[in-house]
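Protein chains: 2
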Amino acid sequence: MIEREVANGRLLRQLRFIKEIDGLKDVWRQTYRVDGSRRENDAEHTWEIMIMAVTLYEYAPPGTSLFHALKMLLFHDLVELYAGDTFAYDADSHRDKNERESRAAERVFSLLPKDQHETFRRLWQEYEDADTASGQFARCMDKLQPFLHNIHSRGGTWKQHGIRRQQVLERHRDWMDQIPALGELVEKLSHAAVKEGFLLE
Amino acid sequence: MIEREVANGRLLRQLRFIKEIDGLKDVWRQTYRVDGSRRENDAEHTWEIMIMAVTLYEYAPPGTSLFHALKMLLFHDLVELYAGDTFAYDADSHRDKNERESRAAERVFSLLPKDQHETFRRLWQEYEDADTASGQFARCMDKLQPFLHNIHSRGGTWKQHGIRRQQVLERHRDWMDQIPALGELVEKLSHAAVKEGFLLE
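Which chain is which? The protein sequence lines are A and B, in order. Per our numbering, the very first residue in the first sequence carries number 86; after that it's consecutive. Per our numbering, the very first residue in the second sequence carries number 86; after that it's consecutive.
One or more of the hints may lead you astray.
A pair counts as met if it fits within one copy or between any two copies, since identical chains are not told apart.
Okay, derived cross-link-like pairs now, DSSO-like style, lysine-lysine, Cα gap no bigger than 27 Å in a straight line [said to hold, decoys possible]:
1. LYS104 x LYS244
2. LYS199 x LYS244
3. LYS273 x LYS104
4. LYS280 x LYS104
5. LYS182 x LYS228
6. LYS244 x LYS182
7. LYS273 x LYS182
8. LYS273 x LYS199
9. LYS280 x LYS199
Since the hints were made in silico from the structure, they are not lab data.
Chain A with its partners taken away, still in its complex shape:
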């Protein structure tokens, strides 16, 4: 680390954090690209859901701050640097997910100066709790993206794992009433996917 000789303590911590998070480009998700050509990683996924948030903001619940939602999205998957990606329909790994991710959050954010460590960790916690309008909108983007990829790739991970429509709706249930335009989209698209034969009834 040649930056050790040239940067002061605060900037050095920030540079180390930035270097460390490059590893998120190695965390591979189950989700396929829209053309089905390959899986995608957490960095690519995060970029896409931020574009989605800006594009679909008009459907967000009243009181949503787009700026706040963007910051939450930016950091929400950093815990997977150490905790790995947990597949949406894998009940077993979901059991200790919270504990694994909480330890990982501490590990990655503590690379930063104390004030940023606290601010970024709070953002991550707000995303996890999803009890604010912005947090809810952010989580909706995170869940809607793999849903749309499964639609575009005509089945993707649904086909591979034999997922049923009720399981899909269950996964989106917590935001569908609060974000009705997009909830309706999920309702109708999942119905069409069954008709097209790439999602089980």
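Given the structure of chain A, go ahead and fit chain B onto it with the hints provided.
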């Protein structure tokens, strides 16, 4: 496109835009990962410079809006969907870069409803012009990231193309005075890189 049957005109345009931009994950940059293991794509690059912007915001020029800078960064490379990545030190391709990218901006943003088409295109133009504090900060992040990757990978594209320290400083000259803490970092790190033997004097 099964969404044609279920979404109204406005939402349908937004969904098509979101599907189209998935292609940015196929636009490969010259820049290597920090561990030198492989090149990275535009989606990964964009995600990283947004994390950098939030982390390094305290060094931004007075008057910078972090929210505005984040939105500019989010969209700044979408033109490379059709125009491709132009290597920083390739003078030939820089000649028609503006014209190619301007056509590409029109093509990608016109997928959206008219109001969003105009808003997002303006954001892109502001980034290109870089004559606001936010635009300047955004461009600094975009340039600083490959610089840091070349430092971490001990030479990266500098070594490969036989780049000299003066060429590097020339590339960063337009922001270094306005963002002195990071300008000083580039000055000192590039000097250290010469001493370590992975950047030519």
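Tested hints:
1. For the identical chains of this complex, LYS104 and LYS244 are inter-copy neighbours only, at 20 Å across copies versus 37 Å inside a copy, given an alpha-carbon limit of 27 Å.
2. Taking the closest pair of Cα atoms, LYS199 and LYS244 never come within 27 Å of each other, the shortest separation being 45 Å inside a single copy and 36 Å across copies.
3. Taking identical chains as interchangeable, the C-alpha atoms of LYS273 and LYS104 lie at most 27 Å apart only when they sit on different chains, with a minimum of 18 Å there against 42 Å within one chain.
4. In the homo-oligomer, the alpha carbons of LYS280 and LYS104 lie at most 27 Å apart only across protomers (22 Å), although the nearest pairing inside one protomer, at 46 Å, exceeds that limit.
5. For the identical chains of this complex, LYS182 and LYS228 are intra-copy neighbours only, at 17 Å inside a copy versus 37 Å across copies, given an alpha-carbon limit of 27 Å.
6. When the C-alpha separation of LYS244 and LYS182 is checked against a cutoff of 27 Å, the pair qualifies only within one copy, where the shortest distance is 24 Å, while the shortest distance between copies is 43 Å.
7. Taking identical chains as interchangeable, the C-alpha atoms of LYS273 and LYS182 are never at most 27 Å apart, the minima being 31 Å within one chain and 43 Å between chains.
8. Taking CA atoms no more than 27 Å apart as the test, LYS273 paired with LYS199 passes between copies only; the shortest distance there is 26 Å, against 46 Å inside one copy.
9. With identical chains, the CA atoms of LYS280 and LYS199 are never at most 27 Å apart, being 53 Å at best within one copy and 33 Å at best between copies.
Hints 2, 7 and 9 from the earlier list are contradicted by this structure; the remaining hints agree with it.
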